[in-house]
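Residue numbers (numbering that gives the first Met the number 0), protein chains in the order written: chain A, 0 to 168; chain B, 0 to 616; chain C, 0 to 364.
None of these hints come from the bench; they were simulated from the model.
Warning: the hint list may mix true and false statements.
The calculated BS3-like cross-link candidates involving lysine-lysine, where the alpha carbons are at most 27 Å apart (straight line), are [claimed, not checked]: (1) C/Lys-200 - B/Lys-194; (2) B/Lys-152 - B/Lys-124; (3) B/Lys-520 - B/Lys-507; (4) B/Lys-30 - C/Lys-176.
Restraint-style ranges between C-beta atoms, simulated for each label pair [said to hold, decoys possible]: (5) C/Arg-41 - B/Lys-21: 26 to 36 Å; (6) A/Arg-99 - C/Leu-46: 38 to 48 Å; (7) B/Pro-171 - C/Val-178: 55 to 65 Å; (8) B/Phe-110 - C/Val-178: 32 to 42 Å; (9) B/Lys-21 - C/Asn-182: 16 to 26 Å; (10) A/Glu-97 - B/Ile-67: 42 to 52 Å; (11) A/Thr-130 - B/His-111: 24 to 34 Å.
By construction, the Cβ of each residue, glycine as well, lies at the ideal position given by its N, Cα and C atoms.
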Amino acid sequence: MNKKIVAELELAFKDIEVNTPQDTRVEICAREEQILTVLGFLANKGYDHLALISCVDWIEEEEFELVYIITPYLQENKAYIEKGDVFLKTRIARENPEARTAIPIFANAEPYEREIHELFGVKFSGHPRLTHLLLERDYEIPPFRKDFDTRKYVKDVFDSIPVIPEEEE
Amino acid sequence: MGKKTSILSPLKALKYLFKKPKTLLYPFELKEPAMRYRGLHLNDWDKCTGCGNCADVCPNEAIEMKEIPEIEAGDGERNERPEIDYGRCCFCGLCVDICPTASLRLSRDYFHIHFDPKTFKLLAKDEKTDKEHFLPEGEYSIFKASLAHRREKYEGFSPDLEYSLFNPERVPMSQASPEERKASFVEQVKGFSAKEAQKEASRCLECKLCEEVCPAEMNISDYVRNIWDDNLEEATRDIYKTNPLPEICGRVCTHKCESACVLGNQGKPLSIRWLKRYVVDNIPLEKYRKVLGTEEIKSIDRKVAIVGAGPGGLAAAYYLRLMGYQTVIFDRLPKPGGMMRYGIPEYRLPYEALDKDIEYIKSVGVEIRCNTTVGKDVSLDDLGDKYDAVFVSTGFHNGRSTGVPGTERSGVFQAIELLRKVTMGEKIKVTEKIVVIGGGDVAMDISRTLGRLQMEEFGTVGVTVSCLETRDIMPATPEEIEEALEEGIKLYPGWGPEKIIIDNEKIKGVVMKKCLRVFDKNGRFNPEFDVEKKMEIEGSMVVEAIGQAPDFTFLSEKIKEKLTYEGRKIKTDEYGQTSLSWLFIGGDLTRGPDVINAIDTGHKAARGIDKFISARE
Amino acid sequence: MREVELYFGPQHLGMVGNFSITLKVEGDCILEATANPGFLHRGFEKLMEYRTWIQNFPMVCRINVVEPDHMEMVYAMGVEKLANIEVPERAQWIRSVYLELARVGSHLFGLWAYANMLGFDTVAQWSMYHRDLILDLFEELTGGRVYHIYIWPGGVRRDFPEGFTDRMVETLHSIGKCVPDYNDIFFNNPLFYERAHNVGKISQEEAKEWGAVGQVLRATGMPYDIRKVEPYAAYDKVDFDIPTRVEGDAYSRVLVIRDEMIESVHLIFKLLDNMPGGKVFNRSFNPFKWKVPEGEAYVRVESSRGELGLYMVSDGKDKPYRVHFRTPSYTHGLIILEKLLEGANIADVGNTMISLYVVAPEIDR
Chain A
0 MNKKIVAELE
10 LAFKDIEVNT
20 PQDTRVEICA
30 REEQILTVLG
40 FLANKGYDHL
50 ALISCVDWIE
60 EEEFELVYII
70 TPYLQENKAY
80 IEKGDVFLKT
90 RIARENPEAR
100 TAIPIFANAE
110 PYEREIHELF
120 GVKFSGHPRL
130 THLLLERDYE
140 IPPFRKDFDT
150 RKYVKDVFDS
160 IPVIPEEEE
Chain B
0 MGKKTSILSP
10 LKALKYLFKK
20 PKTLLYPFEL
30 KEPAMRYRGL
40 HLNDWDKCTG
50 CGNCADVCPN
60 EAIEMKEIPE
70 IEAGDGERNE
80 RPEIDYGRCC
90 FCGLCVDICP
100 TASLRLSRDY
110 FHIHFDPKTF
120 KLLAKDEKTD
130 KEHFLPEGEY
140 SIFKASLAHR
150 REKYEGFSPD
160 LEYSLFNPER
170 VPMSQASPEE
180 RKASFVEQVK
190 GFSAKEAQKE
200 ASRCLECKLC
210 EEVCPAEMNI
220 SDYVRNIWDD
230 NLEEATRDIY
240 KTNPLPEICG
250 RVCTHKCESA
260 CVLGNQGKPL
270 SIRWLKRYVV
280 DNIPLEKYRK
290 VLGTEEIKSI
300 DRKVAIVGAG
310 PGGLAAAYYL
320 RLMGYQTVIF
330 DRLPKPGGMM
340 RYGIPEYRLP
350 YEALDKDIEY
360 IKSVGVEIRC
370 NTTVGKDVSL
380 DDLGDKYDAV
390 FVSTGFHNGR
400 STGVPGTERS
410 GVFQAIELLR
420 KVTMGEKIKV
430 TEKIVVIGGG
440 DVAMDISRTL
450 GRLQMEEFGT
460 VGVTVSCLET
470 RDIMPATPEE
480 IEEALEEGIK
490 LYPGWGPEKI
500 IIDNEKIKGV
510 VMKKCLRVFD
520 KNGRFNPEFD
530 VEKKMEIEGS
540 MVVEAIGQAP
550 DFTFLSEKIK
560 EKLTYEGRKI
570 KTDEYGQTSL
580 SWLFIGGDLT
590 RGPDVINAID
600 TGHKAARGID
610 KFISARE
Chain C
0 MREVELYFGP
10 QHLGMVGNFS
20 ITLKVEGDCI
30 LEATANPGFL
40 HRGFEKLMEY
50 RTWIQNFPMV
60 CRINVVEPDH
70 MEMVYAMGVE
80 KLANIEVPER
90 AQWIRSVYLE
100 LARVGSHLFG
110 LWAYANMLGF
120 DTVAQWSMYH
130 RDLILDLFEE
140 LTGGRVYHIY
150 IWPGGVRRDF
160 PEGFTDRMVE
170 TLHSIGKCVP
180 DYNDIFFNNP
190 LFYERAHNVG
200 KISQEEAKEW
210 GAVGQVLRAT
220 GMPYDIRKVE
230 PYAAYDKVDF
240 DIPTRVEGDA
250 YSRVLVIRDE
260 MIESVHLIFK
270 LLDNMPGGKV
280 FNRSFNPFKW
290 KVPEGEAYVR
300 VESSRGELGL
310 YMVSDGKDKP
320 YRVHFRTPSY
330 THGLIILEKL
340 LEGANIADVG
350 NTMISLYVVA
360 PEIDR
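One chain only, chain A, in its complex shape (with noise of 0.2 Å):
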């Protein structure tokens, strides 16, 4: 079903990898440069709607693997595009990660990428505000990453009474 985009993709792009794992889905491998010009071939495609982005930490490969999962909003232009999702997925190092953002594309990647950045430490150059999202201070390990110690952090923090150190206004 997907052949189409399928076939369009190999062709605009070399060096990426495109498998139909299941029925419905499409799954592409890109390298990390070449994330936005996929994601501007796809939105142009009627993929419009950019439901996640999200960070997994393989940290035995020590690599962090962003995916962006894609779908179409309406299924009008049926004989093109039926229903299924495209996962677009990159590996980039864990040391000192980056990315570039999405935001020129899809104008809703702007907080996805903000709590990326403040749970695993990913920066993305481009964005108008990595500021704090959901937590409220720094941590020296950025807390979803797989060797942050939750156990260790409550021993540390709440069964012993922390120095907080002076903020400077």
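Guided by the hints, dock chains B and C onto chain A, whose structure is given.
Relative to the frame of chain A, chains B and C by itself:
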């Protein structure tokens, strides 16, 4: 666009002004919670086994198992009961759905207000064991409701077997049908395939009650988990930590673990015995040494002699050899195995399985000298001089007789002797009708063996078994009795032999008298008969299988003087060491009688011998 | 006039849930609005990595306090997809009835919040009362009033009790009888029209650009509903409509909510008429020994606020590797709210926020 109405239309709401309000005048009017409400816990301490599955499944770690010294825990139980911390409990009910005995439930109470946080931890009880806190209708008051003031018979969310989180059904084991079985000695139980074994292993809840009951303290939940992980080599290592005869135990063990398995409360217990067999069936003999890490064993210059190549002797020899000792086993029969080979028929324990385990034990360096009788070819005193220690586990190879008139005739046999002869390949002359006296496993073994020999000779089975005990207290394993009946063996439980009918020098049958009771008030064996009720069972051959006795003829007077006795048994400590410090005994002589107990005594004797010899240095 | 920075929430009489908006106002007009979520961040996604697949069930429903049922459904669907578990047919129908009942309850809650904010207290109390009747039904079915923990992978936890369908139909009828009164007092009231008309207006292109889902999108004219786009449970077996409107302001959003409620009630009756028999649970796991095969899945359902999705990654062990919920209030509350409040009055802040149906626990997880 919605229909716009006039600005006065909301005044229509005034019609509700005079209607009865729908508020409840709490606390004078109470709303009854629904029948399935998830409130505070109730636990039936009679049914609860202390398995701890509720504590394992709780997502908030709210349940802790507390030891209650007042409870006397039997086999398959612990004297622990769950204590619930209501500061953490989220009332999800997962503990109720996993409780294998259906003793933990949730009630419809939900009040507790108190200044003291310690009162929020509670040992869950119910009205059966705690009349003080669970009050009937008249005495209960909503104003005093708390964890210590509850309503009785107020169950809410209850367990339901159809929706439980554990699986009460077993994976069925393919077995030979009775028609196939009674005509040959082919093995009855066919074994699990890989998928079946994994599915069966996935039922285990890892509560470890089975490990506490096993006489050899095997790590059952570890190897079952390794079967589930498909890691058979690790599973073999787990088994061999405590049991060097898994092919045998996987077929004939008395599986106390299965009787203790919590899944047996509301379903069928886990097939632990057959899973053990599955593990070792799938490792070829050549790989054993590599898998178990026994390719190289360093030897030390100490020798230990072992009398009897049964399970006790083989286990002791194996563990002593792993510690480095040079071990020699002496056995008077032509092949090693003891009662396992010469007492258990082939359809239950095929000789290939037995040989596989024994071959491995031999391959690590244990020497077995068969056809050597200690007491005749070699004396025990000599062994005591030449070897650093001696372990004796000669078993119970003598049969006992009822002694009723007629048993001295030819045509009356001992079951143990017949079983030995069948194993050694001698031809037994069976007649068309045979009477077997006895109700234990040996009686079932001999009757099914003779039935198969009768099928070969005559084409029909004509064996009748009678025993003193009634069907419910027969000492044989229930599965054995079932299978014997399926193969066409007739059973008369509750009768005792009076005399053997002899006619013209030939045996014609046995006169039986009704047994009213087997044990007396003090639990001692003291059968009481009703001599008025009699019955005759026809038969031209009589086999007695009422019990076994040890053979101590190899003990010289010199040794016997030095031993202390406890009643008829020789006194030993927990390692099997007798008062004669180099002499250790085990096997059926001290515990059991069964294979797994013998293996455990062998293992403990190995440790004891090691301690004794090291202490001497 | 000076610019003043105002903090709207988290403790504010017009705020529902723990959510805060920082407003830069000049007089009565808002220049810039910044949303401040994070007061309810419990770190569920991280905590779920430390518990086995079954132990996560009592946790997953607590992510959204107002409507926990769709969370359970989406998690169960994700696990069933990864582990290839089949659900019996009756269980799928029961799940649909259960989810529709949850949708009605959740919309009544939203109506309470909205009416309260505007000052229509009578309607607010009525809808809370009717929601209480629905919570009584849930208590009878599952044992808990708010957190039900009813849907498991493999089916549902228990079957309907005796006589439950009759009681459910009776309760729904009694709620339905009050709809004309609701209409008279609130929905057709010209005061409501004046307050909500042209407030928070959003066009269809803007909605698509900013990632709107649910009523926000349906009120701009696009009939986008996951129950029709990617049917799950028993939704492809019954016929139902998706109400839409074209104006795109708060007024039409609230009217879409009302129409959806009525449609849900009709849908429940249709589902109950055709429900098949059979068992409701396929036992397929042992909580201590269950490993879900490696893979990843993205499943979505239509919750009462919009598209609720779950991205789940498993590495073949007995605990999830990564769980990420895509909640509808995320984009509504963090982007659309900020953009809609530019140039609005302070009085319209609560109006806009609750008509967008932003629920704080969903944003923070």
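Checked hints:
Straight-line distance between C-alpha atoms of C/Lys-200 and B/Lys-194 comes to about 60 Å, which puts the hinted pair past the 27 Å bound. Between B/Lys-152 and B/Lys-124, the direct Cα distance comes to roughly 12 Å. Compliance with the 27 Å bound is thereby established for this hinted pair. As the CA atoms of B/Lys-520 and B/Lys-507 are separated by approximately 36 Å, the hinted pair breaks the 27 Å bound. Annotation: proposed proximity of B/Lys-30 to C/Lys-176 holds, straight-line Cα distance about 24 Å (limit 27 Å).
Distance hint check for C/Arg-41 and B/Lys-21: the Cβ-Cβ separation is about 35 Å, which falls inside the suggested range of 26 to 36 Å. With their beta carbons about 31 Å apart, A/Arg-99 and C/Leu-46 fall outside the hinted range of 38 to 48 Å. Against the hinted window of 55 to 65 Å, the Cβ-Cβ separation of B/Pro-171 and C/Val-178 comes to about 57 Å, which satisfies the hint. B/Phe-110 and C/Val-178 have their C-beta atoms about 37 Å apart, which keeps the hinted 32 to 42 Å range intact.
The hinted range of 16 to 26 Å is satisfied by B/Lys-21 and C/Asn-182, whose Cβ atoms lie roughly 21 Å apart. Judged by the Cβ atoms, the range 42 to 52 Å given for A/Glu-97 and B/Ile-67 is violated: they are separated by roughly 59 Å. Between A/Thr-130 and B/His-111 the beta carbons are some 43 Å apart, a value that contradicts the proposed interval 24 to 34 Å.
Comparing the model with each earlier hint shows violations of hints 1, 3, 6, 10, 11; every other hint is respected.
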